[in-house]
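**Q** Top to bottom, those sequences are chains A and B. If you want this note's numbering, it's the 1-based position in the first sequence plus 115. If you want this note's numbering, it's the 1-based position in the second sequence plus 521.
Where hints are given, some of them may not hold.
Straight-line alpha carbon distances no greater than 35 Å define the calculated DSBU-like cross-link-like pairs of lysine-lysine that follow [as the list claims (entries may be wrong)]: (1) K648(B) / K662(B); (2) K685(B) / K648(B); (3) K703(B) / K442(A); (4) K720(B) / K648(B); (5) K662(B) / K703(B); (6) K720(B) / K248(A); (7) K720(B) / K703(B); (8) K442(A) / K648(B); (9) K248(A) / K342(A); (10) K648(B) / K703(B); (11) K342(A) / K662(B); (12) K442(A) / K662(B); (13) K720(B) / K685(B).
Distance windows between CB atoms, simulated [stated by the list, open to error]: (14) P434(A) / D589(B): 33 to 39 Å; (15) V735(B) / Y243(A): 47 to 53 Å; (16) P689(B) / I312(A): 42 to 48 Å; (17) W638(B) / D339(A): 26 to 32 Å.
Honestly, the hints are just simulated from the structure, not real lab data. Ideal Cβ positions, reconstructed from N, Cα and C, are used throughout, including at glycine.
For reference, the chains in residue letters:
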Amino acid sequence: MTDLKQIDWVPLGLIIGMALLALPLVGDPAAWLTLTAAGLAMGMMIFVMSSGLTLVFGLMDVINFGHGVFISIGAYVALLVFVPLAAWGAADSLVLNLSLVGLAILVATAATGALGYAFERVVIRPVYGQHLKQILITTGGLIVAEQLIHALWGANPIPLRLPETLRGSFLIGDAAVERFRVFAIVLGLAVFAAMYIGLNRTRIGLLIRAGVENREMVEALGYDIRKIFIGVFVAGSALAGLGGVLWALYRQILVASMGMEMMVLIFIAIIIGGLGSVGGCFAGSILLALLANYTGFLMPKLAPVSNILLMLAILVWRPQGLYPVAKR
Amino acid sequence: MTTALLSLSGVHTHVGRYHILHGVDLVVPAGGVTMLLGRNGAGKTSTLRTIMGLWRASAGRVTLSGEDVTQRPTPAIARSGLAYVPENMSIFADLTVRENLVLAARSGEIDAERLRWVFGLFPALEKFFQLAAGALSGGQKQMLAIARAIIEPRTLYLVDEPTKGLAPAIVANMISAFRELKASGATILLVEQNFAAAKALGDTVAVMDDGRIVHAGAMGELAEDVDLQHRLLGLSLDRHQ
Ligand SMILES: Nc1ncnc2c1ncn2[C@@H]1O[C@H](COP(=O)(O)OP(=O)(O)O)[C@@H](O)[C@H]1O
Ligand SMILES: [Mg+2]
């Protein structure tokens with residue numbers, strides 16, 4: 116475990132600095148708090164959706180354009196819990212509401228994890244080491260899966276109602292912070308903490324970090340990197356499924372392309388974070404979402420390109436991303 | 522006559538379109554240090570990579586204690602008792618010194634006594650035990666790469682140019698570490714460009730050129746025969762002596 120002195124705090128300082136800089140620019144502290152909470156919640160959701168992808172790329176150089184489909188599938192599978200148990204969501208009981216969401220997450224992650232296992236065997240394994248084929252075949256897998264969703268759930272958007280106690284807002288002074296956003300922030304932080312501890316304190320986590328740096332050497336030490344990779348792919352797919360449930364609750368309407376729509380943001384987050392770095396993906400996701408919110412408020416005309424500008428600025432500053440992974 | 526621990530017979534290796542090893546025959550007897558010498562580009566690194574299964578032999582056989590390991594995947598070869606220190610060291614820079622060693626200990630835990638022994642060989646590693654390995658100096662990284670190979674006893678250690686680019690004091694430290702490893706009864710296949718180091722450590726020697734073994738024998742013989750050295754190793758001698 117690297118001690119705290121060795122952690123690079125600059126990117127985190129950048130996030131805090133940006134938030135503080137936005138305060139006088141936004142002017143109204145209540146509006147600033149609302150924007151910041153919304154940005155953090157969005158950032159956490161992007162992080163949950165993208166953290167698996169960055170490890171998948173870092174470990175095996177596998178470019179998976181199909182990742183977004185696991186987000187959609189996670190959302191749709193959650194319907195299998197949300198619809199029949201709608202009464203749990205309608206009840207004004209935090210315990211019932213959270214049980215419902217917890218159960219939906221459990222079922223969605225189990226399904227996307229299992230699908231990830233099959234996807235790795237059938238789609239990814241034949242194209243190890245061949246980037247162009249990976250892009251083509253994973254995009255193909257994505258199209259097939261989206262059509263499958265249409266076939267199973269129909270082509271029309273499906274509304275999803277937020278459980279009762281997650282609706283509405285907390286009032287903090289004059290600021291309104293949506294309850295669901297607080298929920299998303301807490302869940303995102305929990306996922307980050309679990310991944311951080313898993314990667315830093317467990318043997319399998321050590322092997323993953325070592326493999327991201329140099330998979331050949333991990334094999335020369337006697338470990339089968341393919342097995343580790345399958346585990347990471349399954350976990351990454353399950354995380355995408357979890358992200359899909361959150362994303363569905365946030366949008367409150369499901370469409371088959373909802374995962375794919377996120378892929379541009381997800382790719383930007385893992386690139387500015389540093390490919391293969393979970394910490395970088397976390398910092399990158401939050402930076403991205405906060406900036407989008409602040410520019411949306413301050414300079415709406417600039418908002419559509421704020422992501423790209425952020426990516427350019429970060430890559431000029433640190434060409435390998437916020438937390439570069441030492442490679443071979 | 523000692524028994525062969527590792528033997529290569531007629532090993533060819535292709536990397537992409539390139540034909541790199543052209544029928545390597547090499548025997549590493551159990552116990553002691555076998556030096557693998559040869560000018561740059563002779564094929565020494567490629568030979569070690571082929572033994573480890575990082576590159577597949579396209580023809581020929583690699584046997585370890587009589588068992589054919591030619592087609593085994595790298596992790597299986599490692600688990601049959603091989604430790605590998607690559608030419609570029611390949612330490613995990615983002616991991617601490619401790620984490621690098623923990624991973625190398627396949628039992629999952631570092632044996633305390635063995636660790637003390639390693640610290641005795643390379644005191645710097647004890648000092649920087651909790652530091653990210655990427656922050657070490659070049660010499661310390663090399664020490665870590667070797668420590669990672671010897672943190673648990675292995676049947677055979679493959680070590681690729683451990684003294685390359687290091688200051689003389691550190692080279693001396695390396696040589697005495699390998700002496701001690703050898704004294705523990707280990708078998709080592711050691712690639713070296715530094716002929717003085719080779720003389721100091723080697724029991725037997727094989728010289729490569731152009732993807733083949735062109736000489737094999739006792740180290741003492743080669744050490745005494747200056748003409749032979751010149752013929753086999755050419756210019757590389759003048760640089761190092
Ligand atoms: N990845 C590679 N692709 C193609 N040729 C290579 C590669 N690595 C080494 N070679 C070639 O193989 C030959 C042997 O290289 P190497 O085994 O590294 O020699 P040595 O370790 O004795 O200096 C050289 O001619 C080198 O150029
Ligand atoms: Mg070499």
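**Q** Now, for every hint given, state plainly whether the structure supports it.
**A** Verification of the supplied hints:
| no. | hint | in the structure |
| --- | --- | --- |
| 1 | K648(B) / K662(B) | 13 Å, holds |
| 2 | K685(B) / K648(B) | 23 Å, holds |
| 3 | K703(B) / K442(A) | 33 Å, holds |
| 4 | K720(B) / K648(B) | 31 Å, holds |
| 5 | K662(B) / K703(B) | 21 Å, holds |
| 6 | K720(B) / K248(A) | 51 Å, violated |
| 7 | K720(B) / K703(B) | 14 Å, holds |
| 8 | K442(A) / K648(B) | 25 Å, holds |
| 9 | K248(A) / K342(A) | 22 Å, holds |
| 10 | K648(B) / K703(B) | 25 Å, holds |
| 11 | K342(A) / K662(B) | 28 Å, holds |
| 12 | K442(A) / K662(B) | 15 Å, holds |
| 13 | K720(B) / K685(B) | 16 Å, holds |
| 14 | P434(A) / D589(B): 33 to 39 Å | 46 Å, violated |
| 15 | V735(B) / Y243(A): 47 to 53 Å | 37 Å, violated |
| 16 | P689(B) / I312(A): 42 to 48 Å | 44 Å, holds |
| 17 | W638(B) / D339(A): 26 to 32 Å | 29 Å, holds |
In the structure shown, a violation is registered for the earlier hints numbered 6, 14, 15, in ascending order.
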